[in-house]
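K.L.:
Listed below are the residues making up each chain.
There are 2 protein chains.
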Amino acid sequence: MNAEIVGVGTELLLGQIANTNAQHISDALAGVGVDVYFHVVVGDNQRRIVETLRVALERSDVVVVTGGLGPTPDDITREAVAEVTGKPLVRDPDLVGAIESIFSKLGRGMPAENLKQADLPDGATPIPPEGTAPGFRIEHEGALLFAVPGVPWEMKAMLAKVVLPELRERAGGGTIATREVIVIGLGESRTHELIADLVDSQTNPTIAYRAGSGAVRVRLTAKAQDESTALGLIRPLEDEIRDRVGIHALPRDSVSVGEAVGKMLRERGATVAGAESLTGGWLGAELMAASGAGDYFLGSLVCYSSQSKRDVAGVPEAVLAGPGAVSEEAAAALAEGAARRFGADLGLGTTGVAGPSEQEGKPVGTVFVAATLGGRTQVRHVQAYGDRDHIRALAVTSALDLGRRLLQEQ
Amino acid sequence: MNAEIVGVGTELLLGQIANTNAQHISDALAGVGVDVYFHVVVGDNQRRIVETLRVALERSDVVVVTGGLGPTPDDITREAVAEVTGKPLVRDPDLVGAIESIFSKLGRGMPAENLKQADLPDGATPIPPEGTAPGFRIEHEGALLFAVPGVPWEMKAMLAKVVLPELRERAGGGTIATREVIVIGLGESRTHELIADLVDSQTNPTIAYRAGSGAVRVRLTAKAQDESTALGLIRPLEDEIRDRVGIHALPRDSVSVGEAVGKMLRERGATVAGAESLTGGWLGAELMAASGAGDYFLGSLVCYSSQSKRDVAGVPEAVLAGPGAVSEEAAAALAEGAARRFGADLGLGTTGVAGPSEQEGKPVGTVFVAATLGGRTQVRHVQAYGDRDHIRALAVTSALDLGRRLLQEQ
Chain A
-19 MNAEIVGVGT ELLLGQIANT NAQHISDALA GVGVDVYFHV VVGDNQRRIV ETLRVALERS
41 DVVVVTGGLG PTPDDITREA VAEVTGKPLV RDPDLVGAIE SIFSKLGRGM PAENLKQADL
101 PDGATPIPPE GTAPGFRIEH EGALLFAVPG VPWEMKAMLA KVVLPELRER AGGGTIATRE
161 VIVIGLGESR THELIADLVD SQTNPTIAYR AGSGAVRVRL TAKAQDESTA LGLIRPLEDE
221 IRDRVGIHAL PRDSVSVGEA VGKMLRERGA TVAGAESLTG GWLGAELMAA SGAGDYFLGS
281 LVCYSSQSKR DVAGVPEAVL AGPGAVSEEA AAALAEGAAR RFGADLGLGT TGVAGPSEQE
341 GKPVGTVFVA ATLGGRTQVR HVQAYGDRDH IRALAVTSAL DLGRRLLQEQ
Chain B
-19 MNAEIVGVGT ELLLGQIANT NAQHISDALA GVGVDVYFHV VVGDNQRRIV ETLRVALERS
41 DVVVVTGGLG PTPDDITREA VAEVTGKPLV RDPDLVGAIE SIFSKLGRGM PAENLKQADL
101 PDGATPIPPE GTAPGFRIEH EGALLFAVPG VPWEMKAMLA KVVLPELRER AGGGTIATRE
161 VIVIGLGESR THELIADLVD SQTNPTIAYR AGSGAVRVRL TAKAQDESTA LGLIRPLEDE
221 IRDRVGIHAL PRDSVSVGEA VGKMLRERGA TVAGAESLTG GWLGAELMAA SGAGDYFLGS
281 LVCYSSQSKR DVAGVPEAVL AGPGAVSEEA AAALAEGAAR RFGADLGLGT TGVAGPSEQE
341 GKPVGTVFVA ATLGGRTQVR HVQAYGDRDH IRALAVTSAL DLGRRLLQEQ
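Read top to bottom, the protein sequences are chains A and B. Terminal number for the first sequence in our numbering: 390, no gaps in between. Terminal number for the second sequence in our numbering: 390, no gaps in between.
Looking at chain A on its own, in the form it has when it is part of the complex (with noise of 0.2 Å):
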């Protein structure tokens, strides 16, 4: 069974919002085992909704629609549908009845437009109203049509409650499970070099690939009858992928390494402390990220002029003066004052050149990041690319991977 999700709605062609709704819903539809083949955004234009409705019940078994439900001109996803599947609108009594009981609790007269929400394509199953819009289901050639408000938390509870209960059971109890191994400190080029094979020969699981700000995810989708199956055929592959890629993969089930570093912090009952130049704040930012951070997370130093680092994290001048402020040894001070500053037992440094412009003759990309645990400290020197915002978030993910690896090696 596949699927199709279509949002209605001009403010999404605009760019002012993200189509977190087609998300939301295809994250949910997957954990059914319904395979969404594609997403369509158009806007509050009657012709195109209806010619875009069209090829979605042409080529899918289930199109959810989002958006367009609500009481003013420009909301037409009900005649757009009304339109395409031949049926004319008829006013729902019970509807109308719903409707106005909203208004009346909210205490609220009802605006006369309001009534047309409870207009229905004809044979359509109405969904009953979460806000003020009421949803609806309709069948069409053999296609299932759900239409659904653009309003999220409407959308997320009609999902719950009207559309994935009946998909899951038309699924017939398939599911999708996925799990990820992500790879740090091998390009993805050179993480498909040592998998290459398994790629080659899968088709259940799937393996894919998505790269991004210095770490590889490998993801494993396999599909069956339920959940433990599916994880049972992911399994043996999955570790398979470890074995070959060794310690530049996060523990399994990590989703980030940030993440990662902070289980394993918990289970150590050990503290985390940073000191960071040019990440500014970032490396704080994603420790304290996990809810319950507070349990390990003490802090991070943002010492972004020379002056500060020597003054608040305690660089020795004779590093400033030397080797510079952009450095091994640099990297190296950060980590250990951050450590000593906040009696932590793992220290995190990062300093580099995020650009626009090179800094003590090194170049825009130069990264050094350090840790530092029970007395030994590492060093990472990473030559980052592309554009300020990337080069720290390199920067970022360097530096926990650092820490990840002295944690996993203690």
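Hint data in this document are derived by calculation from the structure and do not stem from the laboratory. It is possible that part of the hints are untrue.
The list treats identical chains as interchangeable, and a pair is accepted whether it falls inside one copy or across any two copies.
[What the hints assert, rightly or not] Distance condition first, Cα-Cα at most 27 Å in a straight line; then the derived DSSO-like pairs of lysine-lysine:
id : residue 1 : residue 2
1  : Lys136    : Lys85
2  : Lys136    : Lys342
3  : Lys85     : Lys342
4  : Lys85     : Lys243
5  : Lys203    : Lys85
With chain A fixed as given, assemble chain B onto it according to the hints.
P.N.:
Same frame as chain A, but now just chain B:
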């Protein structure tokens, strides 16, 4: 001229990421007068990519394709464009050289797979790689197709350097100009009350709101033959709105409160430092965001643990034991500690409860921010709502805005 944005990548259809690329491109195309009529997302499947591109090239003047340009076997955008345009793939020797030189600069050998990134449909013009993936442009039966990588920073760079300049010229004279009045400290409803009559009576410029992270952006959009005429339409209306909103509006041409604070500091030759608890580095990251931030941003003390608030930022024990770490007094002491430790003119402090649970008996969403300048310290209490990230974003915006007001009033 109308455009369609095609995102290629199974990770989008699985809901692993949102299609923020389409949002960015849509916003950018609106700025050069190009109407976007459709977004489509399709997976790493050649038949479906080809089907999608065929429809797009038939109905749209411009097609921007993102993703599928990497070196691995699931990157098949090149092959799909070759099929739909009927042009065979040809290896571009200049691109081979460019890709080789990228790897040699990185000090890494080039894996053989990467060579396929130098293959372009015959007749296509290469777009030089920003990371390691080249893009390309090709014309087909009156339509113009740009293929750019899915990695956001690479996509954004190619869009700015190649796609937008060509489309701006092709769009021929018509321009959409946009200016924003950014309002902080009033809600969307209160802002609307102040300017409702202006909103109701305007057609060109149009006025729209976008609210988020503690700011309301009042966006004025005018269409005219050239930019100066469009700006001439915007200016008197913008002035009227600024008069009504008063001190709550950021200075003209600001893009964010962080950027506004940076500009004011630079004009005054002044410096800033932070001390942050619940924002964990986000305040520093925001202060460092502008290019050249090193001229005024000295650093930030991220003090997540209570002990570090005392030991690192110098919050008095009496404050921690009395009013507590989440209090007006703690926020003031953090701001003053930041200014003192870094020797900064402006000191900013944040403390609060991001959740998931209450702290010191203060409910989730309690935020105190402080700013100190020239011996004068101000504190603001914000009752924030939403999830952890939203509460943090509100705290950063509020702290920066308090600093902005002190600078403006000085």
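K.L.:
Are the hints correct? Go through all of them and say.
P.N.:
Against the structure, the hints come out as follows:
Taking the shortest Cα distances, Lys136 and Lys85 sit within 27 Å of each other inside one copy (22 Å), while across copies they are farther apart (48 Å). Taking the closest pair of Cα atoms, Lys136 and Lys342 come within 27 Å of each other only across two copies (26 Å); inside a single copy the shortest separation is 42 Å, beyond that limit. Proximity of Lys85 to Lys342 under the C-alpha cut-off of 27 Å is restricted to the inter-copy arrangement: shortest distance 14 Å between copies versus 53 Å within a copy. Proximity of Lys85 to Lys243 under the C-alpha cut-off of 27 Å is found in neither arrangement, the shortest distances being 35 Å within a copy and 36 Å between copies.
Taking the closest pair of Cα atoms, Lys203 and Lys85 never come within 27 Å of each other, the shortest separation being 45 Å inside a single copy and 42 Å across copies.
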